[in-house]
Amino acid sequence: EGKPILLSIGYSACHWCHVMAHESFEDAAVAAAMNEHFVNIKVDREERPDLDQIYQTAHSLLTRRSGGWPLTMFLTPQGEPFFGGTYFPKHSRHGVPGFLELVPRIAAAYREQGEAIAAQSRHLIAAMATLEPGGGAAALPISAPERALQELKRTFDSKHGGFGGAPKFPHPFELDLCLREWARTGDGEALAIVRTTLAHMADGGIWDHLGGGFSRYSVDAEWTIPHFEKMLYDNAPLLALYADLARVTFDFRFADIARNLVGWLVREMRAPDGAFYSSLDADSEGHEGKFYVWSPDEVRATVNAEEWPVVAAHFGLNRPPNFEGISWHLRVSEPLADVAARLDLTLPDAQTRLSGAKAVLFAAREQRVHPGRDDKILTSWNALAIAALARAARALDEPRYADLAFDAIDTLKRTAWRDGRLLATRKDVRAELNAYVDDYAFLLAALIELLQTRFRFDDFLWAQEVGNALLERFEDRDRGGFFFTSHDHEKLIHRTKPGHDNATPSGNGVAAQALIALGHLSAELRFVAAGERAVRVFAPALIESPVGFSTLLGALADLERPPAVVLLEGDPTEAAVWQRELERRYRPSVRIFNVAGIDLLPAALDKGAAPPGAKVVAWVCRGAACLPPIASLETVVEELDTQSAVNENAR
21 EGKPILLSIG YSACHWCHVM AHESFEDAAV AAAMNEHFVN IKVDREERPD
71 LDQIYQTAHS LLTRRSGGWP LTMFLTPQGE PFFGGTYFPK HSRHGVPGFL
121 ELVPRIAAAY REQGEAIAAQ SRHLIAAMAT LEPGGGAAAL PISAPERALQ
171 ELKRTFDSKH GGFGGAPKFP HPFELDLCLR EWARTGDGEA LAIVRTTLAH
221 MADGGIWDHL GGGFSRYSVD AEWTIPHFEK MLYDNAPLLA LYADLARVTF
271 DFRFADIARN LVGWLVREMR APDGAFYSSL DADSEGHEGK FYVWSPDEVR
321 ATVNAEEWPV VAAHFGLNRP PNFEGISWHL RVSEPLADVA ARLDLTLPDA
371 QTRLSGAKAV LFAAREQRVH PGRDDKILTS WNALAIAALA RAARALDEPR
421 YADLAFDAID TLKRTAWRDG RLLATRKDVR AELNAYVDDY AFLLAALIEL
471 LQTRFRFDDF LWAQEVGNAL LERFEDRDRG GFFFTSHDHE KLIHRTKPGH
521 DNATPSGNGV AAQALIALGH LSAELRFVAA GERAVRVFAP ALIESPVGFS
571 TLLGALADLE RPPAVVLLEG DPTEAAVWQR ELERRYRPSV RIFNVAGIDL
621 LPAALDKGAA PPGAKVVAWV CRGAACLPPI ASLETVVEEL DTQSAVNENA
671 R
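With the sequence shown counted from 1, adding 20 to any position gets you our numbering.
Where hints are given, some of them may not hold.
Subject to a maximum C-alpha distance of 30 Å in a straight line, what follows is the list of computed DSS-like cross-link-like pairs (lysine-lysine) [said to hold, decoys possible]:
#1 Lys310 / Lys396
#2 Lys433 / Lys378
#3 Lys433 / Lys511
#4 Lys62 / Lys396
#5 Lys447 / Lys62
#6 Lys511 / Lys23
#7 Lys62 / Lys179
#8 Lys447 / Lys396
#9 Lys447 / Lys433
#10 Lys179 / Lys378
#11 Lys396 / Lys511
#12 Lys62 / Lys23
#13 Lys62 / Lys511
#14 Lys62 / Lys110
#15 Lys511 / Lys447
#16 Lys310 / Lys62
#17 Lys447 / Lys310
#18 Lys110 / Lys378
#19 Lys396 / Lys433
Beta-carbon label-pair distances, calculated as ranges [said to hold, decoys possible]:
#20 Thr175 / Val239: 17 to 23 Å
#21 Ile162 / Asp271: 30 to 36 Å
#22 Leu653 / Arg438: 42 to 48 Å
#23 Pro648 / Asp439: 41 to 47 Å
#24 Pro648 / Pro622: 19 to 25 Å
#25 Ala523 / Thr593: 25 to 31 Å
#26 Gly208 / Glu658: 19 to 25 Å
#27 Glu452 / Ala645: 45 to 51 Å
#28 Gly154 / Phe45: 38 to 44 Å
#29 Ile162 / Glu56: 56 to 62 Å
#30 Thr593 / Pro622: 19 to 25 Å
#31 Gly206 / Ala129: 58 to 64 Å
#32 Gly22 / Pro560: 40 to 46 Å
#33 Ala129 / Arg499: 35 to 41 Å
To be clear, the hints were calculated from the coordinates, so they are not data collected in a lab. All residues carry an ideal CB built from backbone N, CA and C; glycine is no exception.
Kindly generate the complete structure, drawing on both the sequences and the hints.
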């Protein structure tokens with residue numbers, strides 16, 4: 021019929037997606053107008069991130085504004101965008117056109133100005149092509165991480181933590197860059213950024229003080245009131261950060277948050293087969309945040325008389341409501357030590373009362389109608405969770421976290437790996453959709469983390485398969501870097517090669533880091549070369565605006581100074597003791613692989629005979645150069661400390 025397309029892109033946990041669906045898509049008059057004038061297509065951006073990337077970019081070029089969800093785009097029958105927006109109310113309000121009036125107006129404009137619209141769309145697609153990286157630099161921009169850190173220092177909110185003002189997002193990849201730069205240079209200000217931000221987030225309402233888990237972002241600059249949806253992809257990198265900061269500072273608060281975060285993952289997000297679900301909605305019973313907020317009377321009726329004064333003061337229930345003027349969302353309003361002193365309690369007594377109150381409040385909250393859960397199993401997000409669990413297992417010496425990670429990776433291999441290809445998503449028992457670069461890159465990174473946690477030879481072989489698939493199916497063989505879609509993906513109006521970190525890390529950045537690590541571990545330098553090509557193609561962007569490219573900057577640092585690879589061989593029990601001791605310190609430029617007891621090691625991992633009488637021997641290599649075997653744990657620690665710039669004053 022030559023009808024244009026009305027495309028709506030959203031996701032299950034998106035509050036405003038639900039609002040627009042209820043106001044407009046479920047309304048008979050609006051639906052009739054949509055069906056009369058358009059072919060209507062609704063897309064889950066989590067299943068089709070390729071389409072989301074394309075049309076978010078188109079929206080930004082068309083409107084000169086950032087996009088978001090729901091994304092509402094009007095397209096030619098060929099899929100070329102010509103008008104767009106995000107949320108539209110049913111009727112016009114606050115200067116935003118109403119969807120009921122907008123739909124026929126857009127349809128009329130397309131009928132009357134079809135040729136001009138088609139020409140505009142072609143120009144738009146040409147403009148999108150110019151946004152992709154064009155070519156690499158002769159020299160790597162070695163100063164880019166330091167320049168990014170200086171910019172992050174400039175935008176850092178020293179009072180509340182985080183960067184900029186409201187709305188405030190955690191930005192875990194920028195925080196990870198700060199932590200790595202502290203480890204590299206000893207810059208105490210970089211560490212303070214991470215410590216301050218994670219401490220304030222843990223005190224704020226963005227953290228669920230009863231059930232664990234972080235919400236998507238805070239609507240204010242103080243982390244008080246969140247947008248209540250909880251995403252697997254947010255919580256995974258935050259778990260890794262809190263675990264890493266715990267071993268940097270030896271501060272139990274950060275370890276407690278990490279452990280409670282794992283508790284939330286297992287209780288709320290883990291499928292029976294060991295994989296992880298995608299998200300929890302912001303809404304329950306049609307209202308955002310209803311599951312999480314309280315009144316003082318509700319709390320007082322739930323806790324006992326001894327607990328109430330502590331809870332009321334600590335969580336601000338004795339202050340005016342902080343949510344929509346009528347409800348209280350729990351956040352730390354007064355430090356527990358101050359509450360204890362004012363109430364003439366010992367701190368342990370106050371802690372006991374607070375813990376008891378939180379337990380009964382959690383039990384009471386469990387009786388409420390829960391937010392909806394999106395039970396899709398997404399390969400890329402699961403890989404992020406697996407990598408975080410593996411790192412937390414090492415940082416916190418929690419072997420059961422490793423068990424969770426291995427259960428999940430085994431499930432992914434069984435359900436999402438078919439004949440040397442990955443599938444992107446699974447619902448119930450059906451896996452589908454060819455995977456994207458994020459799926460392959462995040463999976464490879466997860467396998468590298470797992471190999472450092474508990475070396476399984478089959479995982480090493482699988483990592484090589486995944487690395488080969490990345491090169492074969494996604495690499496731009498002419499310019500370097502990796503396309504978001506595979507070479508045999510369906511043809512779309514544009515093919516992206518994203519380098520910027522967003523809510524998830526850059527697929528190119530993660531691929532580069534993981535390939536460099538795989539190359540040094542396997543002595544396959546073609547993997548390192550592919551990682552370097554990916555960094556080089558984005559070098560102009562790293563030079564011009566390094567903030568936002570934290571993951572690629574991590575790969576750049578690994579190219580500038582290859583990470584040390586430590587192989588432990590000998591008695592498996594004693595080697596495990598060595599590994600635990602070596603993992604107590606945060607050393608991002610060191611990767612430890614315990615291959616003790618592994619038979620039939622490939623040549624790259626078999627370094628030869630140990631010194632006579634040695635129970636365990638460590639081989640420390642950086643790039644192609646290896647030190648003589650070391651048979652003393654203390655000597656290994658000294659050697660790694662010599663190679664690291666970790667600042668002991670952090671503790």
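Practice task
May I ask you to test the hint 17 to 23 Å on the CB atoms belonging to threonine 175 and valine 239?
Solution key: Holds, at about 19 Å.
Handout entry: lysine 62 paired with lysine 179 [C-alpha distance capped at 30 Å]
Key = 42 Å, violated
Exercise for the section: Starting from lysine 447, check that the Cα of lysine 433 is at most 30 Å away, please. Expected result: Holds - the C-alpha atoms of lysine 433 and lysine 447 are around 15 Å apart, at most 30 Å.
Practice task
Measure nothing beyond the straight line between the CA atoms of lysine 62 and lysine 23; if it is 30 Å or shorter, mark the hint as holding.
Solution key: 16 Å, holds
Practice task
Sort out whether lysine 396 lies within 30 Å of lysine 310, counting only the CA atoms.
Solution key: 24 Å, holds
Handout entry: Holds or violated: lysine 62 to lysine 110, with C-alpha atoms at most 30 Å apart
Key = 17 Å, holds
Problem - Hint consistency between lysine 110 and lysine 378 [alpha-carbon to alpha-carbon, up to 30 Å] - result: 41 Å, violated
Handout entry: Cβ separation of glycine 154 and phenylalanine 45, checked against the hinted range 38 to 44 Å
Key = 40 Å, holds
Exercise for the section: Confirm or reject the claim that proline 648 and aspartate 439 have a C-beta distance inside 41 to 47 Å. Expected result: 44 Å Cβ-Cβ, so the 41 to 47 Å window holds.
Exercise for the section: Decide if the proposed pair is consistent with the structure: lysine 433 and lysine 511, CA atoms, cutoff 30 Å inclusive. Expected result: 28 Å, holds
Exercise for the section: Quickly compare the C-alpha distance for lysine 433 and lysine 378 to 30 Å and report which way the hint goes. Expected result: 39 Å, violated
Exercise for the section: Check the following: the C-beta atoms of threonine 593 and proline 622 are separated by a distance inside 19 to 25 Å. Expected result: 24 Å, holds
In terms of the numbered hints stated before, the structure departs from hints 2, 7, 18, 25, listed from lowest to highest.
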